[in-house]
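Trainee: Chain by chain, the residues:
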Amino acid sequence: MTNDVLVFGEIRNGELKKVTKELIGAARLITEGTGGNVDAILIGKDAGSAAEQISDFGLRTITVAGDGILDNYSTEGYAKVFSEVVKAGSPAYVLLGATAMGRDLGPRVTARVDGVMFSDCVDLRFEEGRCVVKRPVYSGKLFIEIAPEGEWTTFISIRPNNLPPAGPSGGAAEIVQRPAGVTAESIRAIATEIIALSGGRPDITEAEIIIAGGRAIKGASNFRIINELADLLGGAVGASRAAVDAGYADQAIQVGQTGKVVNPKLYIACGISGAIQHLAGMRTSRVIVAINKDPNAPIFEKSNFGIVGDLFEVVPMLTGEIKTML
Amino acid sequence: MKILVLLKRVPDTEARILINQEGTGINEQGVKFVINTYDEYGIEQGLRIREQVGGDSKVTVVCMGPGEATELIRTALAMGADDAVHICDPALGKPDPFTSAIILAKAITDEGFDIIFCGKQAIDDDMAQVQSILAEMLDIPQVNVVAVFELSDDGTKATVRRRIEGGDEKVEARLPAIFSCEKGLNEPRYASLPGIMKAKKKEIRTKTLADLGFGEVPGGTRSRVLKWLPLPKGAECRMVEAEEMKDAVAELARLLREEAKVI
Ligand SMILES: Cc1cc2nc3c(=O)[nH]c(=O)nc-3n(C[C@H](O)[C@H](O)[C@H](O)COP(=O)(O)OP(=O)(O)OC[C@H]3O[C@@H](n4cnc5c(N)ncnc54)[C@H](O)[C@@H]3O)c2cc1C
Ligand SMILES: Nc1ncnc2c1ncn2[C@@H]1O[C@H](COP(=O)(O)O)[C@@H](O)[C@H]1O
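So the sequence lines, in the order shown, correspond to chains A and B.
Start counting the first sequence at 498; every next residue gets the next number (our numbering).
Start counting the second sequence at 132; every next residue gets the next number (our numbering).
It is worth saying that the hints were derived from the structure and are not from the lab.
In this text, a Cβ means the ideal position worked out from N, Cα and C, and glycines have one as well.
Be aware that a few hints might be false.
If you want a taste of the chain A side facing chain B, the calculated C-beta under 7 angstroms gives, among others [as the list claims (entries may be wrong)]:
1) Arg-605
2) Val-613
3) Met-614
4) Ser-616
5) Tyr-635
6) Ala-644
7) Asn-801
8) Thr-816
9) Ile-819
Label-pair ranges, simulated between beta-carbon atoms [claimed, not checked]:
10) B/Gly-224 to A/Gly-545: 46 to 54 angstroms
11) A/Pro-813 to B/Glu-389: 18 to 26 angstroms
12) B/Asp-378 to A/Ile-672: 52 to 60 angstroms
13) B/Lys-133 to A/Glu-690: 36 to 44 angstroms
14) B/Pro-363 to A/Lys-515: 20 to 28 angstroms
15) B/Asp-143 to A/Glu-810: 30 to 38 angstroms
16) B/Gly-154 to A/Thr-499: 30 to 38 angstroms
17) A/Pro-662 to B/Glu-334: 39 to 47 angstroms
18) B/Lys-133 to A/Ser-546: 42 to 50 angstroms
19) B/Lys-133 to A/Ser-683: 21 to 29 angstroms
20) A/Glu-810 to B/Gly-198: 23 to 31 angstroms
21) B/Asp-378 to A/Asn-500: 54 to 62 angstroms
22) A/Ser-546 to B/Lys-377: 43 to 51 angstroms
Whole structure, please, built from the sequences with the hints as guidance.
Mentor: Following this line, the structure appears as structure tokens:
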């Protein structure tokens, strides 16, 4: 095993996902300790042009696998190239985003190279010759610090929005083209289409600002006031499970233990009581604001700012107020 | 069709989870254990596929866990599963995803299968790994975080939708394959009274590591937990108040922009 770190860069709609730069930042932190190099791998359509976006980030090589067969995501197709690059380079650490793709691909490739993987990490440091990562357990009710033990290639998936992104640091990465090396026949499960559900807003797992509505919204059409504030701030819309179950919002935007875990810089909870399962999904938000008419609602205990009032009065007022400010 | 469903015993989502005194794990005293929430969607989907395909289709639950897990296996049988394999061995403790997958893979291979359903993630270790490691070991395709599932008429492939950022990815998968379930896939049924009665007579095959051919716990030690940490205490909530709501809201907007600097 070498001292190197391999970063799996993720591409969406031709753009490199922001988390990729956060992964490069984390990789630098590790190689400061190991003294190794950072390499990256980009798979799929637009891998070549995405590589240009990080070509001056101090990477040694960027492996680009952009064959047509990899245009659509498949665990098997991606895992084949990815695991071969891992085997050939023998990095000590492999970093992925804790995204839908990273969470699907990571454990499969880990199994193929017989390594170890830590999912959903929120922080990491290099200490006593190995990387120590921090990750939530019990759906975010606790954290553990965990480290690899022994000579295993260590895969780490890191949650978006947690670590500072790296910037350019000079040098030109060597671009290495790599054939997919898979036949269509050998791929038994493949994505055929992507169906957008977020109505043009940023996805809640990636959004910097989330305005969320709860049962108190009392109807799908009333989400309009939440949407207006979200759109004004370029944010996403979230919902409690009660709002989803009542049919006011789509399951795709449910925040919480059985929904999405989100980590924005601002989370505004409107008419949400703050049940433990809801908190599990949003408590790591940097600033939490609660708007609730019940001064004893538990959400206030977890919030940075609170207003006791009727959301139907407060939310539109806040939208108006911010409009005059921006 | 032979349908397998994976079931893990985990603390109830309502449970308050506290670190034990030694700081080596959680305090399980007074904690209620349940079927992993996402596995319930797997059970329901397995039952629906059995109903759809008919014939001599069978749903078998596979659970690795302590003796107490029997109670939850019975619940799954009462929901309608046909029988179960319970891997139970005092040497196991809390196995990591690799150890779990190696043992489950052996039990699953012994059983035989056409399709496997499981949860997208166990809500105790939150790893979301076992299913994909299993898929690799069994050399079958995997589809994770499935929110819509449709089996083809001839039963050879599935067209599913898996949740990704901002939408769904439609995936075509050839069987045999493993599917990890997301909330919203279906509405798990409750165990009926006749179901509960019937479940008492259904077979649970208990297997130790030795029964599965393992001399010791497989997988090796790959990691070590160094520390258990409680959640950081949230900041005091600053209640924004004023005579007129309008002034309170204006003050909140100002705080968010000028102090918190988030808008
Ligand atoms: C297995 C399991 C998993 C779960 N997973 C999740 C999950 O992932 N996410 C999740 O959110 N929940 C989850 N829950 C449900 C959770 O326990 C709560 O039931 C849910 O979060 C409550 O949603 P709520 O806060 O919108 O509704 P409520 O608890 O009913 O709260 C509504 C709040 O709105 C306030 N209010 C009412 N009218 C107004 C008004 N006009 N203006 C301002 N405030 C008003 C009320 O004071 C109250 O605090 C789960 C539960 C279980 C059992
Ligand atoms: N001990 C176990 N017994 C049966 N199924 C399990 C076990 N551990 C994990 N699984 C399955 O694998 C999924 C993912 O688990 P995990 O990787 O622990 O998050 C769970 O939702 C279960 O369906």
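Trainee: All hints are to be evaluated individually against the structure, with a verdict given for each.
Mentor: Checked hints:
1. Interface restraint check: A/Arg-605 against chain B, minimum CB-CB distance 4 angstroms, threshold 7 angstroms, status holds.
2. Interface hint status for A/Val-613: upheld, as the beta-carbon distance to the closest one in chain B is roughly 4 angstroms, under 7 angstroms.
3. With a cut of 7 angstroms, the hint placing A/Met-614 at the interface with chain B holds, because the nearest CB-to-CB distance is about 6 angstroms.
4. Contact between A/Ser-616 and chain B, as hinted, is supported at the beta carbon level, the nearest pair being about 5 angstroms apart and thus within 7 angstroms.
5. Residue-level restraint check for A/Tyr-635 holds (minimum Cβ-Cβ distance to chain B is 4 angstroms; threshold 7 angstroms).
6. Using the Cβ-Cβ criterion of 7 angstroms, the hint placing A/Ala-644 at the interface with chain B is satisfied: the shortest such distance is roughly 6 angstroms.
7. For A/Asn-801, the suggested interface contact is upheld, since its CB lies about 5 angstroms from the closest CB of chain B, less than 7 angstroms.
8. The beta carbon of A/Thr-816 is not positioned within 7 angstroms of any beta carbon in chain B (closest approach about 10 angstroms), and the interface hint is therefore violated.
9. The beta carbon of A/Ile-819 is positioned within 7 angstroms of a beta carbon in chain B (closest approach about 5 angstroms), and the interface hint is therefore held.
10. At about 48 angstroms, the beta-carbon gap between B/Gly-224 and A/Gly-545 stays in the expected band of 46 to 54 angstroms.
11. A/Pro-813 and B/Glu-389 have their C-beta atoms about 22 angstroms apart, which keeps the hinted 18 to 26 angstroms range intact.
12. At roughly 58 angstroms, the beta-carbon separation of B/Asp-378 and A/Ile-672 lies within the given 52 to 60 angstroms, and the hint holds.
13. Checked against the hint of 36 to 44 angstroms, the C-beta distance between B/Lys-133 and A/Glu-690 comes to roughly 30 angstroms, which is inconsistent with it.
14. Judged by the Cβ atoms, the range 20 to 28 angstroms given for B/Pro-363 and A/Lys-515 holds: they are separated by roughly 25 angstroms.
15. With their beta carbons about 37 angstroms apart, B/Asp-143 and A/Glu-810 fall inside the hinted range of 30 to 38 angstroms.
16. A C-beta distance of roughly 35 angstroms is found between B/Gly-154 and A/Thr-499, which places it inside the suggested range of 30 to 38 angstroms.
17. Distance hint check: the CB atoms of A/Pro-662 and B/Glu-334 are about 55 angstroms apart, inconsistent with the given range 39 to 47 angstroms.
18. Our hint of 42 to 50 angstroms for B/Lys-133 and A/Ser-546 holds, since their Cβ atoms are close to 46 angstroms apart.
19. Against the hinted window of 21 to 29 angstroms, the Cβ-Cβ separation of B/Lys-133 and A/Ser-683 comes to about 24 angstroms, which satisfies the hint.
20. For A/Glu-810 and B/Gly-198, the Cβ-Cβ distance of about 55 angstroms falls outside the hinted range of 23 to 31 angstroms, so the restraint is violated.
21. Between B/Asp-378 and A/Asn-500 the Cβ separation comes to about 59 angstroms, which falls inside the hinted range of 54 to 62 angstroms.
22. A C-beta distance of roughly 50 angstroms is found between A/Ser-546 and B/Lys-377, which places it inside the suggested range of 43 to 51 angstroms.
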